[in-house]
Amino acid sequence: MIGPWKRRDHGRGRTLVAVVASVPLTVAGSIVVARWLPGGAELAFAVAWLGAFLAWPWVVLGLLALRDGRQAAWVAAGVGFVLGVLCVA
Amino acid sequence: MNATRKPHPLSRDTLALVWDVHTAAGVLAAPLLLVILVTATALPVHGTLMAWADPFVRAGAAGPGHAHVLDGVGAVPVDGIELHLPGEAGGLAERTVEATDGTEVVRWVDGSTGASVPERSHIVRDLYYLHFFYHLPKGAWLAGGVGLVLSLSLLTGVGVHLRDLLPQLGRLRRRPERARRADLHTLLGTVLSLPLAVVSVTGAMLCLGTVFAGAHVVTTFAGDRGAAAHELGYDWAIAEGAPTTAPLPDVDTLIARARAELPGLDPHWIKLSHPGADDAVAYVYGHLPGLARLGAQVDLSLTDDRVLRVAAPRTATPTATINRWGVALHFGDWGGLAVRLAYVLVAVGSVALTLYGVAVWRLRHPTGAFARGVEVATVVASAGLFAALSAALLSAQALPLDLPGRGPWQTGLLFAVWGLTVPVAARWPARRATAALLTAAAAWLAVAAAWSLLATAPGPAALLASGRVAMVVTDGVLLAVAAAAALGARQLGQEVTR
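Chains as they are written, first to last, in the working numbering: chain C, 1 to 89; chain S, 1 to 498.
If you're looking for bench data, these hints aren't it; they were derived computationally from the structure. What you are looking at is a predicted structure, and each value in this text was computed from that prediction instead of being measured. Treat the hints with caution; some may be incorrect.
[Claimed, not checked] To be clear about the criterion: a stretch of chain S counts as covered by chain C if any three or more of its residues have a C-beta under 8 Å from a C-beta of chain C, and this derived list gives those stretches:
1. 49 to 62
2. 150 to 161
3. 209 to 220
Even glycine gets a Cβ: it sits at the ideal position worked out from N, Cα and C.
Work out the full structure, taking the sequences as your base and the hints as a guide.
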């Protein structure tokens, strides 16, 4: 196998979480930016629109950098919950 | 030597993670990415290829203007009429008539005389379809996903080489083989990282933008599609009335009206939506003059003289500006020929970058079914697709012009040849298979160019006399590519026997 999958730290879990959670987290983050970023709605939406495409790799790396799949899942769920609340608030 | 190297800015664990993600993203995406990149080598000059592939188009129009471009249309109500006006077609228009039952009839039309022929080549259509995976359901989403994975691979690649990005530029070891491949991969990656980052992100925006916009419509815009469309620059005037057989407008007049709103507009695409309906609309899209030739569009009412909408940089919202630049930067149509040729070079370099990356990884993983599968898929997606496209180019010249369904025959041939490359890649070692496929591609390209030069009318002398120099240059370029492929095949063959 390749990459972290061959190591003993259960990289498969982190990878699964990163692949599954990175897209909804990025989209939710974009929506939160569009809603809450000060400076005007037009500019906020523009930052949110372009920012999502630039941010996705960093979200993936951030989730992969966590200790294992369980921690990645908890972090993704926690951040996702906060972003979800901010999306509908 | 290592003692003199400065420590890596990333911690050991982080570097290991970044390295692993770079390898995994690159290797897993490589076959799909190569399909995108191989087609991207030709798409910046697609207009020239489109003209080269049909004798009627390579001759160009007999005169200026579009007075007769709609001749023979409008006897029955049609849903829409599209006119593509590529500059390389020498004044001809590619006219698509969309019937109310959804069927389409595509013809090349000389607007000055009304002469026309059916669309007889699918080569450019196939290139676009392959590039965006349009042959697959929701294929554009897959292409957008590959674009995102490429951006991840680029980011992690820069992370891996953060310590010595500049010194790597001057390092190109010839031995051992693994070092040679690694140095070439790093060198190409360093040089191409910025343009590749631009096309990967803009490609993802193009392919995934509509899905992403849907999430914002229901949240940011509280379900207001119109507001979202306005913000994104997609708020076109929509015709919903029933089309009729009312007289069709004069296309030159439409262009003049659009130019009155946007002086200097160079129109590339015109669409008449629901002609004859009470709310019929004409869209005139083109490029504006300037250092960066950005796209702009004027929506005109066909029932009165109203201008319904002007979409141009001066009227755009910030997000629409981002999308406008995204389209321009991805397709490379913001500049002239030099810019388009630079995009070709970036695509060729990116193919090499990806192949060297897979080759480096393969040397580390010489055994195993997974590694061999990736290798076979990589050969099929690179040399195999190149060979298939070469066969399609030959068919564009060699198939009888009056063959019914000539375009679909070309597409079928392309996929048949591409399919045949799978057993070649699976049966032989990668280098031998690649050499064989490059040899076949070289032969087909050379015959295609020779056929075009010697057997296709108008011939080179007539083309040069009429100023259609690009058609003859295309033959020369195809011969040069054939020679390069033959040389590459020969070198690979020598390495196999060494």
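Checklist entry - In ascending order, which of the hints set out earlier in this document are inconsistent with the structure? => result Violated hint (a single one): 1; every other hint is consistent with the structure.
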